[in-house]
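Engineer: Sequence:
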Amino acid sequence: QVQSQVSSLHKAASVDNSSPLLVRSLAFRAQEELEGQAWYHGKMSRRDAEKLLKEDGDFLVRKSTTNPGSYVLTGMHNGLAKHLLLVDPEGTVRSHSYHPET
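Quick note: the sequence shown, position 76, residue 76 per the working numbering, numbers continuous.
The hints are simulated quantities; they were obtained by calculation from the structure and are not laboratory data. Misleading hints may appear alongside valid ones.
[What the hints assert, rightly or not] Just the calculated beta-carbon pair ranges, DEER-fashion:
1. Q31 <-> F59: 31 to 37 angstroms
2. N78 <-> P20: 41 to 47 angstroms
3. K82 <-> A38: 15 to 21 angstroms
4. L22 <-> K63: 22 to 28 angstroms
5. L26 <-> R47: 29 to 35 angstroms
6. L22 <-> N78: 40 to 46 angstroms
7. R47 <-> P68: 16 to 22 angstroms
8. L26 <-> K63: 15 to 21 angstroms
9. G57 <-> E33: 43 to 49 angstroms
10. G79 <-> W39: 17 to 23 angstroms
11. Q37 <-> K82: 32 to 38 angstroms
12. H77 <-> L21: 40 to 46 angstroms
[Unchecked claim] Only pairs whose alpha carbons sit at most 27 angstroms apart, straight line, appear in this in silico DSSO-like list of lysine-lysine:
13. K51 <-> K82
14. K82 <-> K54
15. K63 <-> K43
16. K43 <-> K54
17. K43 <-> K82
18. K63 <-> K82
Ideal Cβ positions, reconstructed from N, Cα and C, are used throughout, including at glycine.
Construct all of the structure, not just a fragment, from the sequences and the given hints.
Structural biologist: Laid out in structure tokens, this is it:
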């Protein structure tokens with residue numbers, strides 16, 4: 001009986017419940033939520049983003065023009081604009097690395 005329970009647990013754990021349609025639907029909903037945020041500005045160049053920052057603490061998130069599929073956090077700190085490249089490989093935006101050409 002124990003072996004039967006282990007076998008059924010293994011079988012249940014091996015079933016992949018995600019479908020391409022579900023993944024696409026979740027990505028679409030995440031994009032809609034992102035676009036509803038005041039700090040999100042869509043596809044924008046580094047230079048245009050810097051023009052929107054006025055004082056320390058101002059920030060925005062934009063789609064990278066040089067790294068398709070990536071996002072950039074642009075913020076003002078000590079009077080200088082900083083750009084932090086964010087990546088979204090699994091549906092979660094997270095810090096990746098600094099990219100000076102972004």
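Engineer: Please go over all the hints and tell whether each is borne out by the structure.
Structural biologist: Each hint tested on the structure:
1. Q31 and F59 have their C-beta atoms about 20 angstroms apart, which leaves the hinted 31 to 37 angstroms range violated.
2. Our hint of 41 to 47 angstroms for N78 and P20 holds, since their Cβ atoms are close to 45 angstroms apart.
3. Hint check: K82 to A38, Cβ distance near 20 angstroms, so the stated range 15 to 21 angstroms holds.
4. Checked against the hint of 22 to 28 angstroms, the pair L22 and K63 passes, with Cβ atoms roughly 24 angstroms apart.
5. Between L26 and R47 the Cβ separation comes to about 33 angstroms, which falls inside the hinted range of 29 to 35 angstroms.
6. Checked against the hint of 40 to 46 angstroms, the C-beta distance between L22 and N78 comes to roughly 44 angstroms, which is consistent with it.
7. Checked against the given bound of 16 to 22 angstroms, the beta carbons of R47 and P68, roughly 18 angstroms apart, stay inside it.
8. For the pair L26 and K63, the supplied restraint of 15 to 21 angstroms holds, since their beta-carbon distance comes to about 19 angstroms.
9. With their beta carbons about 23 angstroms apart, G57 and E33 fall outside the hinted range of 43 to 49 angstroms.
10. A beta carbon spacing of about 20 angstroms between G79 and W39 agrees with the range 17 to 23 angstroms that was offered as a hint.
11. Checked against the given bound of 32 to 38 angstroms, the beta carbons of Q37 and K82, roughly 19 angstroms apart, lie outside it.
12. Range check, H77 to L21: about 42 angstroms between beta-carbon atoms, so the 40 to 46 angstroms window is met.
13. Of the supplied pair hints, the one linking K51 and K82 holds, its CA atoms being roughly 12 angstroms apart against a limit of 27 angstroms.
14. At roughly 13 angstroms between alpha-carbon atoms, K82 and K54 fall within 27 angstroms of each other, so this suggested pair holds.
15. Taking the CA atoms of K63 and K43, the gap is near 4 angstroms; set against the 27 angstroms cutoff, the hint holds.
16. Annotation: proposed proximity of K43 to K54 holds, straight-line Cα distance about 20 angstroms (limit 27 angstroms).
17. This hinted pair checks out: K43 and K82 have alpha carbons roughly 17 angstroms apart, not beyond 27 angstroms.
18. Proximity of K63 to K82 is assessed by CA-CA distance (about 15 angstroms); at most 27 angstroms being required, the pair is judged to hold.
The structure fails to meet hints 1, 9, 11 from the earlier list, while all remaining hints are met.
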